Amino acid sequence: MLYARLIIMRLLKAVIVLFLIVIFNFFLIQMAPGDPAAVMAGEAGATDPEFLRQLREQFGLDQPLYVQLWRYISGIATLDFGYSYRQQMPVFDLIMDRMPATLLLTGTAFVMSLGLGILAGSMAAARAKKLSGSVIMALALVFYATPLFWVALMSVVLFSVQLDWLPAYGFASVGTGYTGFALALDIGKHLILPATTLALFFMAIYTRMTRTSMLEASQQDYVKTARSKGLASGVIQRRHILRNALLPIITLAGLQAGQMVGGAILTETVFAWPGIGRLMFEALMQRDYNLLLGIFFFSAALVILFNIITDLVYGLVDPRIKEAS
Amino acid sequence: MNFFARFAQNRGALVGLIILTMIILMAISAPLLFPESPWRMVQRPFLPPLELDGFPMGTDTMGRNVAAGLMHGAWVSLLIGLVSTFVALVIGVPLGAIAGYYGGLLDDALMRFTEFFQIIPNFALAIVLVAIMQPSVTSIVLAIALVSWPPVARLVRAEFMSLRHREYVEAARLVGQSNRTIILRQILPNAMSPIIVMASLMVATAILLESSLSFLGLGDPNVMSWGYMIGAARTVIRQAWWLSFFPGLAILLTVLALNLVGEGLDDALNPKLSRERS
Numbered sequence: 001m002l003y004a005r006l007i008i009m010r011l012l013k014a015v016i017v018l019f020l021i022v023i024f025n026f027f028l029i030q031m032a033p034g035d036p037a038a039v040m041a042g043e044a045g046a047t048d049p050e051f052l053r054q055l056r057e058q059f060g061l062d063q064p065l066y067v068q069l070w071r072y073i074s075g076i077a078t079l080d081f082g083y084s085y086r087q088q089m090p091v092f093d094l095i096m097d098r099m100p101a102t103l104l105l106t107g108t109a110f111v112m113s114l115g116l117g118i119l120a121g122s123m124a125a126a127r128a129k130k131l132s133g134s135v136i137m138a139l140a141l142v143f144y145a146t147p148l149f150w151v152a153l154m155s156v157v158l159f160s161v162q163l164d165w166l167p168a169y170g171f172a173s174v175g176t177g178y179t180g181f182a183l184a185l186d187i188g189k190h191l192i193l194p195a196t197t198l199a200l201f202f203m204a205i206y207t208r209m210t211r212t213s214m215l216e217a218s219q220q221d222y223v224k225t226a227r228s229k230g231l232a233s234g235v236i237q238r239r240h241i242l243r244n245a246l247l248p249i250i251t252l253a254g255l256q257a258g259q260m261v262g263g264a265i266l267t268e269t270v271f272a273w274p275g276i277g278r279l280m281f282e283a284l285m286q287r288d289y290n291l292l293l294g295i296f297f298f299s300a301a302l303v304i305l306f307n308i309i310t311d312l313v314y315g316l317v318d319p320r321i322k323e324a325s
Numbered sequence: 001m002n003f004f005a006r007f008a009q010n011r012g013a014l015v016g017l018i019i020l021t022m023i024i025l026m027a028i029s030a031p032l033l034f035p036e037s038p039w040r041m042v043q044r045p046f047l048p049p050l051e052l053d054g055f056p057m058g059t060d061t062m063g064r065n066v067a068a069g070l071m072h073g074a075w076v077s078l079l080i081g082l083v084s085t086f087v088a089l090v091i092g093v094p095l096g097a098i099a100g101y102y103g104g105l106l107d108d109a110l111m112r113f114t115e116f117f118q119i120i121p122n123f124a125l126a127i128v129l130v131a132i133m134q135p136s137v138t139s140i141v142l143a144i145a146l147v148s149w150p151p152v153a154r155l156v157r158a159e160f161m162s163l164r165h166r167e168y169v170e171a172a173r174l175v176g177q178s179n180r181t182i183i184l185r186q187i188l189p190n191a192m193s194p195i196i197v198m199a200s201l202m203v204a205t206a207i208l209l210e211s212s213l214s215f216l217g218l219g220d221p222n223v224m225s226w227g228y229m230i231g232a233a234r235t236v237i238r239q240a241w242w243l244s245f246f247p248g249l250a251i252l253l254t255v256l257a258l259n260l261v262g263e264g265l266d267d268a269l270n271p272k273l274s275r276e277r278s
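As given, the protein sequences belong to chains A and B, one line each in that order. In terms of full-length UniProt numbering, the first sequence opens at residue 1 and continues consecutively. In terms of full-length UniProt numbering, the second sequence opens at residue 1 and continues consecutively.
In isolation and in its complexed conformation, chain A is listed as follows (with noise of 0.2 angstroms):
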């Protein structure tokens, strides 16, 4: 049950990583600028000394150090990550409320990425030497090297503003009372700007690495014998070279996952997406601390799950995985 185990190890250490995310961001909260407690309320600058007073007093701050860290450990174990008080919220609360919008804007940024990505540059590595296969790479190259939040303002201008063809903002159109398939088309329409200009610099990242790969295969020993027993060269390339190419393109796509939660930060703040990252930028506008570090907290813990699904996905298109055991 060697398959199991790993997983096991995973999760295991995934607890271990968040866990020390918790004190990270413990001993952040006391970096921050002004009273901690100022902080925890979002205010600060705030002079109200009796409003602070009470605040302290409710957190345990003028309890020791130690005290407070094991207040706050123990408050994040029961899903405690403290009070919005710019937002009238708790912070779990609202993560919770802008997580699914993230959830559907990276996953299908993640799907669209890697499944263009993989076509690209399997089209670039059967046409290496020729025009085509260097103007894909040409484009993967421009895009690796485009600022996200620049592309997304561009293609709001381009085809919102100018042709008039897509919703440049939100998630769903504002009172249509829309239900079933039609909202569902509607969020649909919201989401092809956001999640195509989130894909794009991923898409490069897949188009480079499954040239590379490819090319890499194509010189193995069991591409030449495919080749002298006169096969297809289509079907060299699809059964017998993207497939041995693929292992290390899905290792490197969970490595992405992190920058995937990144890029969808400057993605959902240019589309106002009301996702996780509109939320970190809001906290940021507000100096909301408390929201800050839950979302950071939060981010941490996509990635990771992210990475856990990649595993699992690795376990199924690597047998060898599981006849190990």
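There may be inaccurate statements among the hints.
Here are some, though not all, of the chain B residues that point toward chain A, as calculated from beta-carbon distances under 8 angstroms [claimed, not checked]:
| no. | residue |
| --- | --- |
| 1 | L105 |
| 2 | F123 |
| 3 | V128 |
| 4 | G217 |
| 5 | N259 |
In short, the hints are calculated from the structure, not lab data. Everything numeric in this text was worked out from a predicted model, so none of it was measured. Where is the CB? At the ideal position from N, CA and C, for every residue including glycine.
Mind docking chain B on chain A? Use the hints.
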């Protein structure tokens, strides 16, 4: 073939070098061409590009000259890119060298530490660090360095692991050289070329990170930067596309140029490897 000939063989790298030289010239000539502060209001706001002499890129929401901001911003982007990469190397190279050279428990411990930093989402961590330390050039440099050193450590560790049992290292050990000397004088110089290539690509990533931070309003409030210009123009994108267009193009060109130069350096420094790859 010498270094320059191999570098020049990569046409993309030459193009990159030319673009990069132009951007460096822009940064140097900014105080000469636009001696006034780029923050000063000099014309009416929302002046479109090419409408008035001296304002080829128009003015922004506050009537500031976009061209002046672009030139002064070049300086900040390059500076933060270079310095934060240097700091990341200062953290990552020693950690990777020690882990790779000594191996064993020390290696395990250092690699767990590195892994922890790699799992945390880079950009989110940089945001939190700058927000807590308050935005300034120093805090931005530190935050970018703190999120970009892990790949350096891993690369240096791998290099050291493959080099530490080479004959010349064993020979140095036999003549009684200390571990310190072997690390610094024998192995590190031989591990230099992949580090240089990685560093040039890291400058590009650092510039992207810096612009993303200042886009979100986490730039140093005292210096004009490309990311800030785009961030400040975000809400007026419908009326004034040029405010975001030009600074974004500048970031794109700089990052593209650095990537091209990095690939050229890779060709020039690891000739055997890149020939095999293509």
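For each hint, the structure was consulted:
no., hint, result
1, L105, "violated, 18 angstroms"
2, F123, "holds, 3 angstroms"
3, V128, "holds, 5 angstroms"
4, G217, "holds, 7 angstroms"
5, N259, "holds, 6 angstroms"
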